[in-house]
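K.L.:
Start from the sequences and build out the full structure, keeping to the hints where you can.
Taken in sequence, the protein lines are chains S and H.
Going from the first sequence to my numbering is simple: count from 1 and add 2.
Going from the second sequence to my numbering is simple: count from 1 and add 46.
Honestly, the hints are just simulated from the structure, not real lab data.
Just so you know, nobody snuck in bad clues.
Straight line, CA to CA, 30 Å or less: simulated BS3-like cross-link-like pairs of lysine-lysine:
#1 S:LYS126 x S:LYS187
#2 H:LYS208 x H:LYS94
#3 S:LYS86 x H:LYS356
#4 S:LYS126 x H:LYS356
#5 H:LYS356 x S:LYS187
#6 H:LYS157 x H:LYS235
#7 H:LYS356 x S:LYS125
#8 S:LYS58 x H:LYS48
Cβ pair distances, simulated, as ranges:
#9 S:GLU10 x H:LEU337: 48 to 54 Å
#10 S:TYR138 x H:ASN345: 32 to 38 Å
#11 S:ASP228 x H:ASN345: 57 to 63 Å
Glycine included, every Cβ here is placed at the ideal spot set by N, Cα and C.
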Amino acid sequence: MIELEAIEKAYGSGSAAALVLGGISFRIESGEHVAIMGASGSGKTTLLNILGCLDKPTAGHCRLECTDVVNLDDDALSHLRNHKIGFVFQMFHLLERTRAIRNVTLPLIYSDEYPEDAEERAKKALAAVGLADRMYYKPSELSGGQQQRVAIARALITDPAIILADEPTGNLDRKSGLEVLAIFKHLHQQGRTIIMVTHDQNVAEHASRILLLKDGVIAGDRAVTDPRDAEAELAALSKEDDR
Amino acid sequence: MKFLRIASEGMRALSAHKLRSFLMMAGTIVGVALLTVIMSVGKGTEQKVMKRVDTWPIRVIKVNAGGGKGYTRPQASVATLKLEDADAIRDRIQGWDLICCVAEKRDLPTKAGDRQCQADVFAVEPTYCEMQNWPVEEGEEIGAEDVRTMARVCVLGTTLVKTLFGEDNPIGNHIWIGKVQFRVVGVLKTRGIGPGGTESDNRALIPLTTGLRRLFNQNYISYIRVRMKTVHDVPGAVRKIGQLLRERHHITPPETDDFSIVTASEVAEVARGISRTLTAVLIALAGLSLLVGGVVMMNILLISVAERTKEIGLRRALGATQQAILVQFLTEALSVTLVGMILGAALGWSVSVALPRFTPVITERSWEPFALVIPFALVFGVAFGVHPARRAARLHPVEALR
Chain S
3 MIELEAIEKA
13 YGSGSAAALV
23 LGGISFRIES
33 GEHVAIMGAS
43 GSGKTTLLNI
53 LGCLDKPTAG
63 HCRLECTDVV
73 NLDDDALSHL
83 RNHKIGFVFQ
93 MFHLLERTRA
103 IRNVTLPLIY
113 SDEYPEDAEE
123 RAKKALAAVG
133 LADRMYYKPS
143 ELSGGQQQRV
153 AIARALITDP
163 AIILADEPTG
173 NLDRKSGLEV
183 LAIFKHLHQQ
193 GRTIIMVTHD
203 QNVAEHASRI
213 LLLKDGVIAG
223 DRAVTDPRDA
233 EAELAALSKE
243 DDR
Chain H
47 MKFLRIASEG
57 MRALSAHKLR
67 SFLMMAGTIV
77 GVALLTVIMS
87 VGKGTEQKVM
97 KRVDTWPIRV
107 IKVNAGGGKG
117 YTRPQASVAT
127 LKLEDADAIR
137 DRIQGWDLIC
147 CVAEKRDLPT
157 KAGDRQCQAD
167 VFAVEPTYCE
177 MQNWPVEEGE
187 EIGAEDVRTM
197 ARVCVLGTTL
207 VKTLFGEDNP
217 IGNHIWIGKV
227 QFRVVGVLKT
237 RGIGPGGTES
247 DNRALIPLTT
257 GLRRLFNQNY
267 ISYIRVRMKT
277 VHDVPGAVRK
287 IGQLLRERHH
297 ITPPETDDFS
307 IVTASEVAEV
317 ARGISRTLTA
327 VLIALAGLSL
337 LVGGVVMMNI
347 LLISVAERTK
357 EIGLRRALGA
367 TQQAILVQFL
377 TEALSVTLVG
387 MILGAALGWS
397 VSVALPRFTP
407 VITERSWEPF
417 ALVIPFALVF
427 GVAFGVHPAR
437 RAARLHPVEA
447 LR
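P.N.:
Below, the structure is given as structure tokens:
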């Protein structure tokens, strides 16, 4: 469960301060699949950074499973990110010159106990995103979609409750994007909380709830009655290709 | 252990970027190699000098023609030191037991039959062989009678004999030195390379009087050697000889002496001083190059931090604490310096093994560079690594991920 209460975020200080988020409150239950939508400059990435404990709000409270993260120090936040949150970025952010499997085990380096079966877990995670045959490839040898799937496997390795994705399909073609969305759908079905930020209505409609962000405030919060089905669209896409 | 896992991330980053790592190391390698070589050359030179100095007989005082301090050579062009000065020393200085005047000329044309070469000619008194502790192998030394009669006889060193006579027995044969013919009466024992690093056996001894009047046509000598009865008499004698010669040469203190006096202790002191100063200067230079190496490493590390902000941001997002980032970058700095220093010391070692084979340089290898490397690398790596590492650790994850 994630609860935001009157979150404000300003950059700069005094009269020159620019208010990016102007008092945001909402609540996301465990297991929800939420899209945060907004035009560029609406503050959606800032909001995601606060949700991901990468940044602190100027004012307000952000509770992650009842812990107010605003009061935590840097080490505690690092610990929280490591254990509770899996990140997926628009630019993938894989380590160059490093094999896929090593990229996937990276978060475990920073956990308190390095599991003995780390490699096994990484292989499983890679297999789950359909990259069983690419485990020892380096990022430069993988396509964008494959790189993003490695990044998802990396986000899953610590078995986090929450997946935060910042424009996860922004750098991908339609098919790769759908593949990523299909994986998210699958993860959602496993009971994970998924929050993704996007400016794309088509992407957002894959989630079951859309929060609309406009100029730093929530302009809309609606449930998607009939979320799009990435798997079905993928199947349709390949049929089109066959034709 | 978490610490080791994070540290090994630093190593991984190094091995993934081999060129960058090598460039970081290069300065350190060169600096440490230079230091190692210089230390070994300095040590070798000092030992060589001290060995040479040890052969200087401690009871002997050498009065050279020409001023200057320390272990100088007699100056051939200085015409102020006369036989009368030696006579005055004989009369007025107490406690000596042997005196020998020498006039020397280097590289005079010498020939026997159709063989010719250049030889060092020493016009000496009969005390020469005893003074130098250098007996003849065969035949006779230059005798008192030879000096009195200006005899045209000579005693040759073995190198000269080999050049002029090959395997033949030279005794009784004649050689020409310049335009004067000499009869060979003796052959000196082989002595090898002399104190100055010069060949000692390419020499001809002739009577002092013969040298001055018949060959060199001069009335001055190159140096006087005075051997005292005991070593305790040396300092006093040095002072008195100085006074005596200044008096005779009409030198009053502000003027500089036209002679120089050399003794064993002086030779040792000067030699040691020279080699130490030289070593110190060179070590300072090598230290400077090591410092430059450190700055280069810090620079590359700073650039690499700037270049890797995304990586740092990612690691922070995945749960790395500031401390973990600090440890990773410090590990990079420390491994680079440690490996660089070990490589440098090994390189320096091999250079100091190779140097004496191809050059006249003498080296003496020691364990110090290797023992010093580890603590030194720790200090050095932290000193130059902590700033870039802290900069990396303090990057804000959000800024870094942009």
